[in-house]
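Here is what each chain is made of, one letter per residue.
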Amino acid sequence: MTGELVLPIWADVLVSLLLVTGGLLTLVGCLGLWRFHSFYQRMHGPTLGATMGMVFILLASMLYFTMAEEGPALHEILIAVFLTLTVPATTLMLARAALYRHRRAGKAVPTRDEPPGIGPQAPRFTTDDIDDERDYDAEKPQPPGRGPGDRP
Amino acid sequence: MTSLLGWASLFALLCIAAGMLLATLRLLKGPAAQDRVLALDTMYICAMLMLLVLGIRFGSTEYFEAAVTIALLGFVSSVALAKFLLRGEVIE
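Protein chains in written order, with numbering that gives the first Met the number 0: chain A, 0 to 151; chain B, 0 to 91.
These are calculated hints, taken from the structure and not from any lab test. Every residue, glycine too, gets a C-beta built ideally from N, C-alpha and C. Do not rely on the hints blindly, as some may be mistaken.
Unchecked claim - Straight-line Cα separation of at most 27 Å, DSS-like style, residue types lysine-lysine; simulated pairs:
#, chain 1, residue 1, chain 2, residue 2
1, B, K82, A, K106
2, A, K106, B, K28
3, B, K82, B, K28
As the list claims (entries may be wrong) - Here are some, though not all, of the chain A residues that point toward chain B, as calculated from beta-carbon distances under 8 Å:
#, residue
4, G22
5, L30
6, L58
7, R102
Please build the complete structure, drawing on both the sequences and the hints.
And the structure:
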């Protein structure tokens with residue numbers, strides 16, 4: 000660690016707070032990636048690190064290099080703009096791919112419209128219905144019913 | 000650099016490293032291919048954030064270029080993998 004840069008105390012505290020917050024948000028996002036049960040829930044976790052964690056750490060970097068280099072360090076905005084544009088694109092493509100693969104595998108997938116013939120009393124689709132880590136064949140005696148509960 | 004910033008950057012590095020570890024576990028376990036792609040996506044973002052924190056910690060701007068490169072290549076690779084999962088080939 001080089002000790003040549005001395006920040007004023009408020010910038011020091013602010014950069015430290017931003018770093019700690021960004022690191023914690025990224026960790027929470029990755030914890031969601033590990034802990035959630037279905038893929039559609041799991042997609043929500045890492046976006047925390049890709050949005051808020053990225054913004055906090057980039058703000059910390061901008062503040063640090065602005066104070067350290069006697070001029071505004073704005074090149075971090077490049078990464079921020081680029082990630083803001085690209086992360087939703089990859090997430091959307093991955094969600095489409097997952098929908099396609101789940102549909103090909105014959106699983107119930109979330110639809111835009113209510114399926115025909117299913118009243119409001121029928122169980123609605125939730126993302127819990129696709130639990131990749133549950134063994135559905137082991138829980139064979141399931142109540143017969145229509146709708147998204149039916150699995151091949 | 001004061002010790003406060005040193006401890007804060009160390010804490011952020013450890014948090015991001017733990018996040019990468021969790022993403023690696025998901026990459027190894029992931030029941031479907033899309034889970035593995037999602038874990039790779041998370042890992043490149045974590046690596047980019049880790050390079051930015053290292054740049055603050057060592058007071059050097061050379062880490063920034065590496066972070067930009069990782070962001071660019073990670074996007075391209077994630078799109079290619081998602082496209083492959085969707086269509087079965089990358090370039091049609």
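Going down the list of hints, with the structure as the test:
In summary, the hint linking K82(B) to K106(A) is supported, as the alpha carbons are separated by about 21 Å, within the 27 Å threshold. About 21 Å separates the Cα atoms of K106(A) and K28(B), which keeps this hinted pair within 27 Å; it holds. Taken as a hint, the K82(B) and K28(B) pair is honoured in the structure, with Cα atoms around 22 Å apart against an allowance of 27 Å. For G22(A), the interface hint holds, since its Cβ comes within 8 Å of a Cβ in chain B; the closest pair sits about 3 Å apart.
Hint status for L30(A) relative to chain B: holds, with the closest Cβ pair at about 6 Å, below 8 Å. Contact between L58(A) and chain B, as hinted, is not supported at the beta carbon level, the nearest pair being about 11 Å apart and thus beyond 8 Å. Taking 8 Å as the C-beta contact cut-off toward chain B, the hint placing R102(A) at the interface is violated, the least distance being around 12 Å.
Violated hints, listed in ascending order, are 6 and 7; each of the other numbered hints is respected by the structure.
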